[in-house]
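*Asks:* Spelled out, the chains give:
There are 2 protein chains.
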Amino acid sequence: MKPQSRVFIFGLIVVGAAMLAIGILIGQFGIPDGSCSASSSPSTNTPSENETISVLMIEECQAENIEEHVRQLSSRPHLAGTPAEKENAEMLVSLWTEYGLDSVRLLPYDVLLAYPDPDNPNKVMITDNGVAVFTSALTEAVLRPEDNNTDVVPPFNAYSAQGEPEGPLVYVNYGTADDFDWLAKNRPDININGSIVIVKYGNNFRGQKVLHAQLAGAIGVIMYSDPNDYARDGSEAVYQNDWWLPDTGVQRGTVKVGSPGDPITPGYPAKPYMYRLNASDPSLPTIPVHPISYGDAQQLLSELGGDEVQNAWKGGLNITYRYGPGFTDPNRKVKMSIQTSREIRTIYNVIGVINGAVEPDRYVLLGNHRDAWVYGAVDPSSGTGILMETTRVYSQMLKIGWRPRRSVMFCSWGAEEYGLVGSTEFVEEYQKILGERAVAYINIDSAVVGNFTFGARATPLLQQAVWDAAKKVPDGETQERSAYDVWLERVPDPRTGTPFTAGIGSGSDYAPFMHRIGVPSTDLLYVYDFIRLGLSSYPVYHSVYETFYYVKNFLDRNFWRHLTVARVYLELSRDLADSVILPFGCADYAAKLQQAAQGLERNFGVKLTQNGVVLDDMKSALDNFTESAQNFEMEVSDIDLNDAYAVRRVNDQMMQLERAFIDPAGLPDRQWLRHVIFAPSSVDTYSGAEFPAVVDALYLIDDDPDQETRWNNVRKQLAILTFTIQSAASTLNDVTQL
Amino acid sequence: MKPQSRVFIFGLIVVGAAMLAIGILIGQFGIPDGSCSASSSPSTNTPSENETISVLMIEECQAENIEEHVRQLSSRPHLAGTPAEKENAEMLVSLWTEYGLDSVRLLPYDVLLAYPDPDNPNKVMITDNGVAVFTSALTEAVLRPEDNNTDVVPPFNAYSAQGEPEGPLVYVNYGTADDFDWLAKNRPDININGSIVIVKYGNNFRGQKVLHAQLAGAIGVIMYSDPNDYARDGSEAVYQNDWWLPDTGVQRGTVKVGSPGDPITPGYPAKPYMYRLNASDPSLPTIPVHPISYGDAQQLLSELGGDEVQNAWKGGLNITYRYGPGFTDPNRKVKMSIQTSREIRTIYNVIGVINGAVEPDRYVLLGNHRDAWVYGAVDPSSGTGILMETTRVYSQMLKIGWRPRRSVMFCSWGAEEYGLVGSTEFVEEYQKILGERAVAYINIDSAVVGNFTFGARATPLLQQAVWDAAKKVPDGETQERSAYDVWLERVPDPRTGTPFTAGIGSGSDYAPFMHRIGVPSTDLLYVYDFIRLGLSSYPVYHSVYETFYYVKNFLDRNFWRHLTVARVYLELSRDLADSVILPFGCADYAAKLQQAAQGLERNFGVKLTQNGVVLDDMKSALDNFTESAQNFEMEVSDIDLNDAYAVRRVNDQMMQLERAFIDPAGLPDRQWLRHVIFAPSSVDTYSGAEFPAVVDALYLIDDDPDQETRWNNVRKQLAILTFTIQSAASTLNDVTQL
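Chain order of the listed sequences is E and Y.
At position 732 of the first sequence (counting the first as 1) the number is 732 in full-length UniProt numbering, and the numbers step up by one without a gap.
At position 660 of the second sequence (counting the first as 1) the number is 660 in full-length UniProt numbering, and the numbers step up by one without a gap.
Bear in mind the hints are in silico, worked out from the structure with no lab data behind them.
Just so you know, same-sequence chains aren't split out, so a pair can sit in one copy or run between any two.
The calculated lysine-lysine pairs, modelled on DSS-like cross-linking and capped at a C-alpha distance of 25 Å, are:
{"hint": "1", "residue 1": "619", "residue 2": "271"}
{"hint": "2", "residue 1": "271", "residue 2": "716"}
{"hint": "3", "residue 1": "86", "residue 2": "271"}
Computed from a prediction, not measured in an experiment: that's the story for all the values here.
Pulled out of the complex, with its shape left as it was, chain E reads as follows (with noise of 0.2 Å):
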């Protein structure tokens, strides 16, 4: 069925001006000129035409294409630096140069990887008198026929460390600072070091589990999904009669943390001719770690010995959940087997772009990464589908004559998986030229993880912007309304009567842009409620069963949910790429810092007071940055859009904005992150945190008998935020006035 013989009152609201925007369009702009020289007369998108662009746009987009793609795109795996990932790169060189872009390109990088050995596969066993009785499923279980393929990589965690360590099992829940802070104080007797632990997927960034059980000496690391997060309804709902995990589905993933991209050129980008780092140099794991389903985690579990957990602790297995350490049967322990390997492979980026017509040197860019664990159909296919969508509504515009004011950049990245690879080394290597000209980055990884709203991860410069384009696109449910009044509606945030939007973490390739540059970068999906479910991932994420029956049954049927993302892409870079006042919410930025620094009032006000630290001076810098953008606002709505320096100038400043929160000395211990108002959490890479270099100086500050040299941290980290708002604030000033 197609979408449009549903769309009701707001579609015929879109087919109506569709229609008579495009006698209009055909008049204005019916012979195209392939000129992209900056015109004469700069201001020819006038505030009406682009809104018949914009109509013209949404309608031109199609749900049938992108299931194509998606359908196409998860007929079989394609992991980073196989065949079958390079023939997706050239099949995406080969469609945008017929679509008639500007310029495409392929762009190589090598890279250190990771990937099974063949021969000789990981495991986990159980050993008695070590003799293995138990060992882990090898592969997952083929559910369906049509999921069966050759190049299925086993479940695997990339950048585990080879070896074959056994010793006795702890649990440690999810493995969080936290948990493991929590069992140091309150269970002294398990000791850690020298044990390996098992550990239940959720909460936090695998990677991290890794971390702090390797800094708490553990051996090797076992990760699973718990019933409790990953099958909730019972062993028969699950895939393929639900969306579920069943229980021989593996989370796979990789335990890379610290600085994103190709471990062995950190922070340049990996070119022949650059230096590498030995593979063993740089802060990867040095102990094994191997991921396996519940199926399996149950034999381990069921026979840990020591004491019951705590309540918290325990998960949704049928079995006494138990910290250890080892077996009941004192003669058995626990073995893993990794043979995981390293190795340099070439990975591509494909970078197709439409030359702008006025500000070629102004980039808007659009991005989704390509390579999956496996078949990929929610991770990254939706987004891939979505991106050669609106790669073709895009030239279908061209064809009609009309061109982006600014440069359009839609960008494919490989390896995003092993971490934002490409992204990062394409970061890395045009840090320059995006620094000064990249607008914003919209980037879509899984486009649908579920069927309850379209939402979004954002920058506070673009919310608006992001709001907007949701409000001029059907909801992917009935089409009846649009996605905004729905994702409204469903998940409010009660604070400021605007749909919920959460901040830019760093679980995908938007991380380099903001965390690194400070491009204002956002990320678009359709989700399921988490709020009530309360879930880490959707239940098959990096499964085999991530394929395009679990998309097509339970996500997404009429790919609708696909559709409004791809809308929202499409008007949010065309409003980006075309207004000539970029759309940036410099206010909401404002409201966002007032908002952060209650929160830190609200969480250590108390403590800080008690140790001498006022934040007046801080309030004081955000109460003089509230006021240059309240200012500033009211600046550029007086000004003369004919005037092209001037249309620059205010342009150039909130394009500056997001910048002046970069730091260039980063945060401490994560120099690779240098926004000083978000970063990822440092307990947890996929969630973000508001002022991270305080909150990270008051983590657990009480336990610490150096308080001075503590507290002379947290001075410091608040004098640096509060120099960096103050600077923030001065790039919205009157430009002549320092």
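Got chain E; can you put chain Y on it based on the hints?
*Replies:* Okay, now just chain Y, sitting in the frame of chain E:
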């Protein structure tokens, strides 16, 4: 005598054109409108109008005004952090306000400075069985009654540690890295560890002498100005008879190395809210350091024991130079008593702004420091007088209705002498704005240090603009030829057929602009014949004898040399502020890089080849850069000057070029220096080095037993250099092509 009365051929043209121009201008700009909003016809500053203003500005500039300023400024000591210095800052605020600049601001910073204790003077003694038998002079002799003033600070080295070390004396020539290295290798019997070293001023920055001495284990450092370097023509040909240093003169100066600016707020502005390190925390000297006259040095050196020094180490005193250690009389030792204290005081920058008419968000900065060790008639008041007259000339142009296209900022810095403190704090506070908006920084410090020729240090990007300005300005000797012609004749660069133009070191306030944030910088001055004389500075540098009398009698009787420098300052700044297309030499940068690469190959090619290191990748990047620069300059020559977006685009690209050489990670072990192409030499802050990280990696490489680590570092630094050049090339490429 007024200079105009001797203006011949060159002057006649200037005057004639000026008279004509005044008429045109009064007609055209007659009614000042006070407006600085962007014009709707932005390209009003046509070449012919530029030419008229250019002639007018040069003509308006008056030698006697500069002379009067220098006389006033040098009439009393004006050391950083003293009331006299603050009064000078306030005088500038009044003057510039009176001149009608659009805004004038006094910017205070609270920074760590250092002062001798008036009640406990610093001294160097010879002790005999613990009893002082000789004590160095506590002050410099007053040789002219006019030079007497109770505010003269006694000779000292700022940031010396306090203490009273006593021990054997060792003579280490100039105290360079090579000198200490030579002694360690050739005279291992002479133990620096536990000794006090005496070194000559000159050949490198005094802070490096202290650093090397400290690393060698010395417990104190004494510095003096040897007659070979500071009094070559005998004991009579000295102040007040000649320009050489008398035997009572002492060079003051800072011995801080490392990051410039306030030592206890590195990287951030010294605002009241900023977090401060302890005064003993930062990397300031840990041993006492003190400067003495060559009169006093003779007392110490004549009693030294040990072998006679090698010929290259001999100085100009009428004694036998010996290494030591210790005196010939074994009962005698050298003892220092240093009570200099580190104190936080307030310093002031004064910033005056003329708002740009078309691009107010582009800044041309003219800077000069204001603080002096004593009277500072040369350093910096010669420059301050010029800055003041420059400001007056600009204000006259405003009065006849002219206004530059871009904003012009006049910057008077505080506390340069302590380590570029005022300028560094300013750059740290406004790094985001300046990083994006500063077109160029033009420095004048000691504006007239000799009477030989006008000269300049400059980034390659600004060389041509400096030369072009010097072509329009009469020289300072006869006013019959251009400053350029005299410069070319007297200091030709045989490699290029142009006037020799040095690179940008770290000796003055251009350093934070150039090396921290990549603002194209230049430094203007009138010099002595440095090639023939080979001096490290003019002889009375930083002594009490640096007086107006000295300037008037030995450097520039009619102040025409000051006038020449002022006129180049005016013309160069006008060109940068008013030309539609920035007068930057991108291909000149390429040529300079090619030259630097040839130098690297000449100096290290054989050694590199022997160790399997090839320069092919770097050369290939260089060729790309050269091609990009040439293509870019062709593109620029074709540009439509009425197309504002195109004009801004190419200007932005040129501004981005110098920034592209900035690596946010900084140079190895010198993170505050971030320019990958040029840096102060790591063994001498005053002089510049090309490809500094590579050259440093190769320094004394043969002596290191760990050859593998050292050569890997060479490979790494070469790869970073290659990447940086490639990245710079990309800023000049077609903006739609990555």
